[in-house]
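Student: Each chain, written out:
2 protein chains.
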Amino acid sequence: MNLAIRRGFLWPSFEIYGGQSGFYDLGPLGVLLKNNIVELWREVFVKQHQEFVVEIETPIINPAIVFKASGHEEHFTDYAVECTSCHRIFRADHLIEEVLGTNAEGLSEEELNKIIKEHNVRCPVCGGELSTVKKFLLLFQTYIGPYSLENLAYLRPETAQGMFINFKRVYELMKRRLPLGIAQIGKVVRNEISPRQGPIRLREFTIMEIEFFYDEKNPQCELLDERCSDNKIYILTAEQRIQGETKPISILPSEAYKEKIILSPWLAYWMCIAGKFVNMLGIPLEKTYFEEKLPTERAHYSKQTFDQMVLVDKWGKLEVSGHAYRYSYDLERHIVFSKSDLYAVRQLKEPLIVRKRVAKYDKVAILKLFGKQAGDVFKKLAKYSPEELLKILESSQRDEIEIEGMKIPRTVFTVEDVEEKIWVEKFIPHVAEPSFGAERLMYITLEYAYRELEGGRVVLSLPKKLAPIKVGIATLIDKPQFEALASRIYNMLKMKYYVVILEGDSIGKKYAYADEVGIPFVITIDYDSVVEGSTVTVRDRDTRKQIRVPIADLAKVIDLGLEGKDITEFGYPVIEPKD
Amino acid sequence: MNLAIRRGFLWPSFEIYGGQSGFYDLGPLGVLLKNNIVELWREVFVKQHQEFVVEIETPIINPAIVFKASGHEEHFTDYAVECTSCHRIFRADHLIEEVLGTNAEGLSEEELNKIIKEHNVRCPVCGGELSTVKKFLLLFQTYIGPYSLENLAYLRPETAQGMFINFKRVYELMKRRLPLGIAQIGKVVRNEISPRQGPIRLREFTIMEIEFFYDEKNPQCELLDERCSDNKIYILTAEQRIQGETKPISILPSEAYKEKIILSPWLAYWMCIAGKFVNMLGIPLEKTYFEEKLPTERAHYSKQTFDQMVLVDKWGKLEVSGHAYRYSYDLERHIVFSKSDLYAVRQLKEPLIVRKRVAKYDKVAILKLFGKQAGDVFKKLAKYSPEELLKILESSQRDEIEIEGMKIPRTVFTVEDVEEKIWVEKFIPHVAEPSFGAERLMYITLEYAYRELEGGRVVLSLPKKLAPIKVGIATLIDKPQFEALASRIYNMLKMKYYVVILEGDSIGKKYAYADEVGIPFVITIDYDSVVEGSTVTVRDRDTRKQIRVPIADLAKVIDLGLEGKDITEFGYPVIEPKD
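Residue numbers (this note's numbering), protein chains in the order written: chain A, -1 to 577; chain B, -1 to 577.
These aren't lab readings, by the way, just hints derived from the structure by calculation.
Among the clues, some could well be false.
Any copy will do: because identical chains look the same in the list, a pair fits if it lies in one copy or spans two.
[Unchecked claim] Below, a list of computed lysine to any residue pairs in the SDA-like style, where the Cα atoms sit at most 25 Å apart: (1) K492 with V168; (2) K173 with V515; (3) K274 with I549; (4) K245 with M490; (5) K477 with L309; (6) K462 with Y495; (7) K337 with G17; (8) K507 with P575; (9) K494 with Q46; (10) K185 with F74; (11) K166 with G17; (12) K492 with N277; (13) K133 with K358; (14) K563 with A550; (15) K173 with L474; (16) K45 with V515; (17) K463 with Y496; (18) K133 with I249.
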């Protein structure tokens, strides 16, 4: 973290105004690294699934109705306690965990109050007495237009609702095909109570998520077998956790689904892809596992949730993605609140035969009874379906039925049983949601890349594709001829990569800086370069081996190197590292 | 716009809840197009200037102090009127312009009230009487943590303040070199009063801006001559506008600076780049000009502002970027409000000689007077600089000077004139700011790409690099053999590009759909493809010419084509369009 702040990856926001917990800025290197991680996610989750996953972008500010419908206004809360003396505010469950060392997540108001009273938990800062716990809404609130209740709006805590309320539009655009994934990458905000974990518990961060809609009767999840039978994933089930076990089981995602450890096949699929993705960030498979949430820990919308945990030094483990089986909860709620049709349509192979009782009427009898007025009667009756007519008949015991002020004898109606063949069926798709936090991914990427070598040398072995700056240029000595060539190569490469001309008292210091910020390749301009003017060396950050390359071949060598190929195998002369 | 909505580029947000003006969603094609425009901006403005322009990312939610300091809390307002009958709210100047047809931008509260009264302007919806105008703060407001005045926060209306409050950190990271550009791309929100211009006046949108810091005594703006002497830009000056002229002048950016039409050399430089950039979106140079804002129209922080206007069908002209000379305003304000050092340092070539009067004291005299106590006296005196001692001397007429309770005779002090050589100088850099709205750029890109051909055929001639989907795959007839080959090519290309397998009753309809959504290249699988199994045709959207290409060469052909090269010149057999 020190290195990350010193080198400009990130730092606490609003420093000149004394800071504001839960907010971090990304510096120049941080933006490049984060963008590279976001792009890799987009490639793996969207582009490689572009047949059925599309990306949309929806607003951060939402009218309150959206989060009323989603249940967040009611459920997206934490319990807070206030110190009655210094008026500091704490998240009740975190405070209890901090003071007593027991997990208090998901406890009720009464339970929290009881623990605080019984154990006499006091303010950890001033020792003051604590208030009773209060429910605190974690949604940031604002008003669209002038201040007034009807203009109340919330800032989104997840991008998901943007996909749910737009499901029908995108479903139509995608020609009503399921499965359908709607992805979104964007900022979300959560009004956390006193966040105190630096860049890990942020009030504002970037989320990357997919709401994946599928027909639960026909999931069409062949990919689960096709693409996920090479790697097992590690899962710590809720059952294991209740029994106090801490060692995750290792299982194929498809087996986990078959054995009902994972309840949705698409949840299993995206967990498999999540495992591969986190591995691409440089995290070994055995350092990450999926922890199933207990029912008390799950969000209100979820039938089953797995958090993808990565082992880290400072916090032991860190949640980098969440995998929730949101089944049909959100669409159902929006159907109720908006009265819109958010259904999908299922073509049936066999028609559904539906039997029902209906009321029909005898046209001839009506003609005879009403004469010239019969036309009016038919017009009025036509407004009602046979089922509705039956209801009207059944709702009265009289001999004459009254319909829109017109009295019609019950005798003209007959009640019949009919059969109907139905070829399509409306249904609410189920949803599997993989959801990633970009800043946390950045954090684990930095942590796993950080290596201290003998002699205190630091190397940031970022996956080459993710490195913020791809190429460093170093002159062996700082003389005009060397610098002119450095500048020529810089101008040649900067259109393609982020490049830096390294500065420092010696070539060793230049390499040390490049290693520290994770630059994969350093081009060195030495005496031979200046004399011939046509070759330079390229040094690989991780092996420290160098090759001598014609300047004209540089872009090609770097491109292949960034793809992960070993540059010493391209046939150029290899220079072994001296130290 | 109809096409854009129908094909899923964008649509109004929150439709299922009746909509919310000022918010738009981007659909699948819209996200791809916007991301391509954002990436092009990043390439042109950041990557190609990476020696001195770096990108950072800062929060959307800011403690109120930031926008107090920036002056937004006081100045970022519009005047609103409310209908006393239906309670609709209108922006006063827009309403006057709509009803009376006169420009009312920048008028004072009194002036607006006077016009409304004199012309009896009434509610355009219900005809009701209007209230007097009220100042309306355009910042969205929220609270970080619980509701309380000290937790007041604003959502940023520009990213700029993130760069200003971080200036010192980035300046240090960049080794205290100027000029220095700090760029940011991100969401901003403005609580516009009743926005009614569809996707043009948004309450939430993506901004791309650079705060460009330079030493106004040594701007080092050689690039203005080096890179901007090939293209003139069009400027409509404030003076011209006051005189009622509407025809912009055409001038080289460097000349515009020399002739003091543009007051900052770097503002001129970035306006030159802005012209080139908008041209890359497919807008001819003569369809865009820079309109200088009148003093009443300028934001509070600006010494001079130019809006880059693009001629459009619906609104006549549309502002797509703003170029403000913010000079030292923002840093000065943050220095005052935060008491932080946000200065840059200028190395002087010649030392500054500063003469000043100071007070010195005679050590021997003090030793004689105070004996053993002299040590104490020296310790106390050492806390004060010679200038401070002079002030103390001058503040009293007595013979004995009192310093920290100790009385010292005036006689031990002498007042002298001294000279000091100063080699560095602190100063506040000046700032030129180019600022672009991504959604408006998307709008003009779509408008200028839209072409209706004979027979009502629509082609979206997007610059190939910006097209959302790069490749369409069409089978001449929909038979299994054709479809299998289409699927093989799809899987081959989807790792690299966004690709779509075209659907439709005929090959003509497939091409028509591809043209409508701007797909640059369509690969057609015809009888020859199936028989030989090794060649297909590639059709260019704009020329409608096709070439016959081996499948193995497809990626190469498409890559070169996307770079803008004419695919018919690669030596493959060319098939002229039939219609």
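Student: None of the hints should be skipped; say for each whether it holds.
Tutor: Here is what the structure says about each hint:
1. K492 with V168: between (39 Å within a copy, 21 Å between copies)
2. K173 with V515: Between copies, since 16 Å is at most 25 Å while 47 Å is not.
3. K274 with I549: neither (36 Å within a copy, 30 Å between copies)
4. K245 with M490: neither (52 Å within a copy, 41 Å between copies)
5. K477 with L309: Neither: 47 Å inside a chain and 52 Å across chains, both beyond 25 Å.
6. K462 with Y495: This pair counts as both: shortest intra-copy Cα distance 12 Å, inter-copy 22 Å.
7. K337 with G17: For K337 and G17, only the inter-copy Cα distance (14 Å) is at most 25 Å; the intra-copy one is 45 Å.
8. K507 with P575: Only inside one copy: K507 and P575 sit 15 Å apart there, 62 Å across copies, limit 25 Å.
9. K494 with Q46: Intra 24 Å, inter 9 Å, cutoff 25 Å: intra and inter.
10. K185 with F74: Classified as both: same-chain Cα gap 18 Å, cross-chain 24 Å, threshold 25 Å.
11. K166 with G17: between (43 Å within a copy, 15 Å between copies)
12. K492 with N277: For K492 and N277, the Cα distance is within 25 Å only across copies (22 Å; inside one copy 29 Å).
13. K133 with K358: Neither way: K133 and K358 sit 57 Å apart in one copy and 65 Å across, limit 25 Å.
14. K563 with A550: both (19 Å within a copy, 23 Å between copies)
15. K173 with L474: Intra 61 Å, inter 21 Å, cutoff 25 Å: inter-copy only.
16. K45 with V515: Only across copies: K45 and V515 sit 18 Å apart there, 29 Å inside one copy, limit 25 Å.
17. K463 with Y496: both (12 Å within a copy, 20 Å between copies)
18. K133 with I249: So K133 and I249 fail the 25 Å test inside a copy (40 Å) and across (63 Å) alike.
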